[in-house]
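Trainee: Here are the chains, one letter per residue:
Number of protein chains: 2
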Amino acid sequence: MLLRMSTLFLRTLRDDPADAEVPSHRLLARGGYIRRAAPGGFTWLPLGWRVFRNVERVVREEMDAMGAQEVHFPALLPREPYEATGRWTEYGPNIFRLQDRRGNDFLLAPTHEEMFTLLVKDLYGSYKDLPLSIYQIQTKYRDEARPRAGLFRGREFTMKDSYSFDVDDAGQERSYQAHRDAYERIFARLGLEYVIVAATSGAMGGSRSEEFLTPLAIGEDTFVRSPGGYAANVEAVTTVVPESIPFEGLAEAHVEDTPDTPTIDTLVTVANERFPDAGYTAASTLKNVVVTLVHPDGRREPLVIGLPGDREVDAKRLEAQVSPAEIEPFTDFAAHPDLVKGYIGPQVLGTQGKAGIRYLVDPRVVPGSRWITGANEPGRHVFDLVAGRDFTWDGVVEAAEVRAGDPAPDGSGPLELARGVEMAHVFALGRKYAEALDLKVLDENGKLVTVTMGSYGVGVSRAVAAIAESHHDELGLVWPREIAPADVHVVATGKDAAVFEAARSLADELVAAGLTVLYDDRPKVSPGVKFKDAELLGMPTIVTVGRGLAEGTIELRDRATGEREEVPVADGAARVLAAVRG
Amino acid sequence: MLLRMSTLFLRTLRDDPADAEVPSHRLLARGGYIRRAAPGGFTWLPLGWRVFRNVERVVREEMDAMGAQEVHFPALLPREPYEATGRWTEYGPNIFRLQDRRGNDFLLAPTHEEMFTLLVKDLYGSYKDLPLSIYQIQTKYRDEARPRAGLFRGREFTMKDSYSFDVDDAGQERSYQAHRDAYERIFARLGLEYVIVAATSGAMGGSRSEEFLTPLAIGEDTFVRSPGGYAANVEAVTTVVPESIPFEGLAEAHVEDTPDTPTIDTLVTVANERFPDAGYTAASTLKNVVVTLVHPDGRREPLVIGLPGDREVDAKRLEAQVSPAEIEPFTDFAAHPDLVKGYIGPQVLGTQGKAGIRYLVDPRVVPGSRWITGANEPGRHVFDLVAGRDFTWDGVVEAAEVRAGDPAPDGSGPLELARGVEMAHVFALGRKYAEALDLKVLDENGKLVTVTMGSYGVGVSRAVAAIAESHHDELGLVWPREIAPADVHVVATGKDAAVFEAARSLADELVAAGLTVLYDDRPKVSPGVKFKDAELLGMPTIVTVGRGLAEGTIELRDRATGEREEVPVADGAARVLAAVRG
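Protein chains in written order, with this note's numbering: chain A, 1 to 582; chain B, 1 to 582.
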């Protein structure tokens, strides 16, 4: 295919658009690949759509190769199936809901577990029909509170979502692994670095879940990895729990006046002045943080998190634990006189405590651990308060921040933290959806058994953004060959008709050989502007036909390495083909 | 590609689904091509999705070949651009509207004129950039009052919509013609018969408009054609207007008692009894029909249509004339005492008349024409009431039914009526959208001129339905080669392992040659069921490998013609390839 820049619907921009926050968005907008059309909604221009379709093709080929079958659902769906699984409510404000002219409730589907489950129930009834993996590549909608970072977090985007159906857990494990393997091949072909991390399942439910993260500085997700190969989404990291300590011989708790100790630091200073040999640190204190849980039905519940004073609550880790509820700051001390702001101690907490507020503690708060914490009186703290002896709790929660240097839960060494973007997710859903929607098949013995499912998603539009984000330099985009909008960019410079003839003839020869050629045939544009555009647009191979033609040469340039080479014009096509075909 | 029926996500049904009203829906559902997922929303199963993508490919290839460039817009769009052109209101209840979490208004776009206009305005500014044709293949939404006929009229469907931008009318005419030609090629490749008819522009505005109708008995659109080649959507047919008649010498109007004449027939009988030489017919009477116009802003206005008594008001023709207003029955005679039910006459009508109600007449009501009509008193009619002399009107309206035998407006003979389905529409929009959204470019003289546009749509999902509707027999579907989900259906019958080996080997050979093969490898299914399925599924070529194999032969069958032929197994692949490649 020949794409002539003189007629191509394209305008490159010299300046970054004002609303572009990240490099990929800046370069895709400047290069005329995408254009903002709505809050969180983008229009794909011709070159961008070619990249999109290349990514889609790679995903489709790998899904087909693993034996998954493509289907296609509506995006506009009735409320009822989502009501049956509870997700109509659980999604809260994150989905778009609407009514038709008769007042019936609909949603724009964010994912399709319910519909796939119902479809399989509709068509299949026997263990002989399974295993089955079906997928779609489809437009999805989420009412993001803060659409940002261009294509990374939009309100309308494209995902490949697949669903596996198996009669037993071993089958489900094979389906899960087959998707995981297919995803590894997809990311390799897309030229996207990835780390597979353990993840929490969130609103999806289910037992096992991993994310494919692409390490990127602009990423919203923090993940950890250890020298020994452990990797996890920070929400999924489990704390290494210290051993419990017998109560025997532990000192009695004692309340001390601790005036002017509004912070953990001032408290530690006062404590060490009072007990010079104790060697207290912030980790000796137990901080009790009050938050408001907002349940999907709108109910608001105060909740206290107890954690070592040297750590903050990580809101994303906490939200992953309490999902589908959400977290808001707690401010209503007036309604809870038992909560003495700045001096809250566990003695009044817990559903059985005087304040009657649910109390969850960090896993480090093991029975026998000793703490300095609030005495529930202004200006006073209690010392040597022993967990399990002097106070109890309603449960344990992974809500404390994870720090570089923390031990990996599998003993594989200290964790390092990095930022990444979630590109794909594999979930072992188990039987949650099949049970809610009654998907059963007859097994070998003629008995009805509930099907076990998996759900697997790859962000297709997001992959375009991630590729741009990880394949560019200061001059512009540097597309990997597999997904570049054209195989080669032929640039004709100057005003000499012979140059344009030679360039067009080369372009035609390459098109005839099956390549897609972007041909800069603009008659009145300076060589400087053409070169800048070629660098910005980022085709993997750039051929310049210009002044050298008089000596019978053209220039081949590799966009990624910057290597340039003069080659005889007669060898041009063959050399380009060799470069493209590796 | 090899599609094995033992693992294909497919269940054929012996019985028609209860909700399937038309043959295409029945067969596509029975053949496991589609499945209803929501009111007016369908899921494409694997074979159906292959057909869909084949249609999409044909459309894309022809659009690319004519030089149109593919882009892709969001479907979820903000209110503002549609407000600027008035369509936010004009679409009334026919679009889906919704709000995001901040209460901002959005719609699910039914077409994208506004967004394409704004995009071109954003990127282009000179006559040198034009002409431009850009298109997308995209999911569209309409809140249909009555989704029906399966894929023909859904609430979520796929369209190819393109838009052309030209600096002058001559350019617009070329762009229009280029799309019209491309559509002719598309329908020819899809195997869809079509008639190009003159159409009204409706809510789109614009000057010239034609529809591609596929003649189908289940069609909702009535169109007309004449022996001389005239063809039009019935909404667009213009009446041949009789000549005006001088008033001189015409009798004076006279009121007569006409008791017991509740219908036109009884009135004509009484009139002929009273004046035996007059030879009155129903066409001698002037019927005045009251309707309620519902404007997009909700305002309700009574309107009277005057037309010859031998014709009914055609609601679709009337609605096309008054769009974007809609028509409802008029019932509120109580509020309008000047309207004497059954005896309404034009003397009180018109915005200047006593009743103060707008009055539009059929084009046959020319000055000097004489009528028997209501005298605005119960039981009385007026005779020899002369149009233009005894009464006036506010305008002329094409609202009377068109009948077989009516003259074609271009003099090309009597009209015949047929039913069809609108498959595509080409509109010369003119400058309506460019003016509303201020799309101007600099012309050769450096002067700003408003761009002229066209808008062109092809129903992609509807095309699948229309192909099924027009390519089937009593046994099942009969796909044209270009869009069949597989090139050939290889059926292995019986239990002989050698049969399955030979069938698989043939299938593999055909796949290696580039064909898509549907292979019925189901081990425990009877030959009768397999043959029935093959007929229902409708691949163009069916190969049976079965008992004949012992004598070294297999059977080739052409699904469309029913022709069967025994061929030596060794020639099988070559013969199939010859059939497929024509």
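Since the hints were derived computationally from the structure, they do not count as laboratory data.
Among the clues, some could well be false.
Because identical chains cannot be distinguished in the list, a pair is counted as satisfied if it fits within a single copy or across any two copies.
For lysine to aspartate or glutamate, the following EDC-like pairs were computed, each having C-alpha atoms within a straight-line distance of at most 16 angstroms [claimed, not checked]:
| # | residue 1 | residue 2 |
| --- | --- | --- |
| 1 | Lys-524 | Asp-129 |
| 2 | Lys-432 | Glu-482 |
| 3 | Lys-495 | Asp-129 |
| 4 | Lys-128 | Asp-521 |
| 5 | Lys-341 | Glu-551 |
| 6 | Lys-354 | Asp-410 |
| 7 | Lys-128 | Asp-168 |
| 8 | Lys-316 | Glu-401 |
| 9 | Lys-316 | Asp-394 |
| 10 | Lys-121 | Glu-566 |
Trainee: Please go over all the hints and tell whether each is borne out by the structure.
Mentor: Against the structure, the hints:
For the identical chains of this complex, Lys-524 and Asp-129 are inter-copy neighbours only, at 13 angstroms across copies versus 64 angstroms inside a copy, given an alpha-carbon limit of 16 angstroms. Neither within a single protomer nor between protomers do Lys-432 and Glu-482 lie at most 16 angstroms apart by alpha-carbon distance, with minima of 38 angstroms and 43 angstroms respectively. Taking the closest pair of Cα atoms, Lys-495 and Asp-129 never come within 16 angstroms of each other, the shortest separation being 66 angstroms inside a single copy and 20 angstroms across copies. In this assembly of identical chains, the alpha carbons of Lys-128 and Asp-521 lie at most 16 angstroms apart only when taken from different copies (14 angstroms versus 59 angstroms within one copy).
Within a single copy, Lys-341 and Glu-551 get their C-alpha atoms no closer than 83 angstroms, and across copies no closer than 94 angstroms, so neither meets the 16 angstroms cut-off. Taking identical chains as interchangeable, the C-alpha atoms of Lys-354 and Asp-410 are never at most 16 angstroms apart, the minima being 39 angstroms within one chain and 93 angstroms between chains. Taking identical chains as interchangeable, the C-alpha atoms of Lys-128 and Asp-168 lie at most 16 angstroms apart only when both belong to the same chain, with a minimum of 12 angstroms there against 65 angstroms between chains. Taking the shortest alpha-carbon separations for Lys-316 and Glu-401, only the intra-copy value of 9 angstroms comes in at or below 16 angstroms, while the best inter-copy value is 66 angstroms.
Taking the closest pair of Cα atoms, Lys-316 and Asp-394 never come within 16 angstroms of each other, the shortest separation being 21 angstroms inside a single copy and 68 angstroms across copies. In this homomeric assembly, Lys-121 and Glu-566 never come within 16 angstroms of each other (Cα to Cα): the closest approach is 63 angstroms inside a single copy and 41 angstroms across copies.
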